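On the provided structure of chain S, position chain D as indicated by the hints.
Chains S and D are the protein sequences, given in the same order. Per the numbering used here, the very first residue in the first sequence carries number 14; after that it's consecutive. Per the numbering used here, the very first residue in the second sequence carries number 35; after that it's consecutive.
It is worth saying that the hints were derived from the structure and are not from the lab. Predicted model, so just to flag it, every value in this text is computed and none were measured. Beta carbons are placed, not taken as given, at the ideal position from N, Cα and C, and that holds for glycine. Any given hint could turn out to be false.
Unchecked claim - Stretch-level coverage of chain S by chain D, calculated; a stretch enters the list once three of its residues show a Cβ under 8 Å from a Cβ in chain D:
id, stretch
1, 53 to 66
2, 116 to 123
Said to hold, decoys possible - Per label pair, the in silico range of CB-to-CB distance:
id, chain 1, residue 1, chain 2, residue 2, range
3, S, 97, D, 113, 38 to 46 Å
4, S, 82, D, 43, 36 to 44 Å
5, S, 68, D, 54, 22 to 30 Å
6, D, 72, S, 97, 24 to 32 Å
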Amino acid sequence: AQKVTQAQTEISVVEKEDVTLDCVYETRDTTYYLFWYKQPPSGELVFLIRRNSFDEQNEISGRYSWNFQKSTSSFNFTITASQVVDSAVYFCALSEPDNYGQNFVFGPGTRLSVLP
Amino acid sequence: ETGVTQSPTHLIKTRGQQVTLRCSSQSGHNTVSWYQQALGQGPQFIFQYYREEENGRGNFPPRFSGLQFPNYSSELNVNALELDDSALYLCASSRTSGVFYNEQFFGPGTRLTVL
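Bound conformation, chain S alone:
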């Protein structure tokens, strides 16, 4: 069965601090996709990144970076030099695609508060 765990319910940091959001997943498939979404107070889910199970290269996009480790079933997300605008709920999600599309299993989310 698919499962995504985000052990950190809430994190508060002061602006310019670095922060890492943890994500641990469970799946029996060898082919799967992992995602991070940001949900600001407006409610819309904003796509941040997608990784497939065959690509373990870490990725950096501006202040964001992701560390994918299959050995520990983790896909952690780091924000460097955090800003107040980063305050939101962040979701990690897992998808096991089939021939007709894919359904996401989301983690419970981590609420990040960046204080000025």
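Quick look at chain D alone, frame taken from chain S:
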């Protein structure tokens, strides 16, 4: 913005009533998925529609039903509303090609309150 629209934005109903939520998918997309997000939780998959048929369903009772129209827009219907149905309902559209992964794009959601 993703190009996925949902209506209405907010809705208040009373227990036992029925509700219909609507979703217009992004241009070129043929698949719509619906998710329920209760307060403080992650979204949970309700069902997916592809080629106007239900194609996968999460752990939701039959009073949650849907439709997909020839233009690929979709409706989510909930009968006999219960207090626990209060949530943000998100739809996501994608283009299913049968072979390759296709990105899901989420709409802004409809916030349903059941009193």
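Note whether the CB distance of residue 72(D) and residue 97(S) lies within 24 to 32 Å or breaks it. 27 Å, holds
Can you take a look at whether the stretch 53 to 66 of chain S is actually covered by chain D? Rule is 3+ residues, C-beta closer than 8 Å. holds (count 7)
Could you say whether the range 38 to 46 Å given as a hint is met by the Cβ separation of residue 97(S) and residue 113(D)? 43 Å, holds
Do the Cβ positions of residue 82(S) and residue 43(D) conform to the proposed distance bound of 36 to 44 Å? 40 Å, holds
Residue 68(S) paired with residue 54(D), Cβ distance criterion 22 to 30 Å: 41 Å, violated
Count the residues of the stretch 116 to 123 of chain S whose CB lies closer than 8 Å to any CB of chain D, then report whether that count reaches three. Coverage by chain D holds here, the residue count being 7 at a Cβ distance below 8 Å.
The structure shown violates just one earlier hint, number 5.
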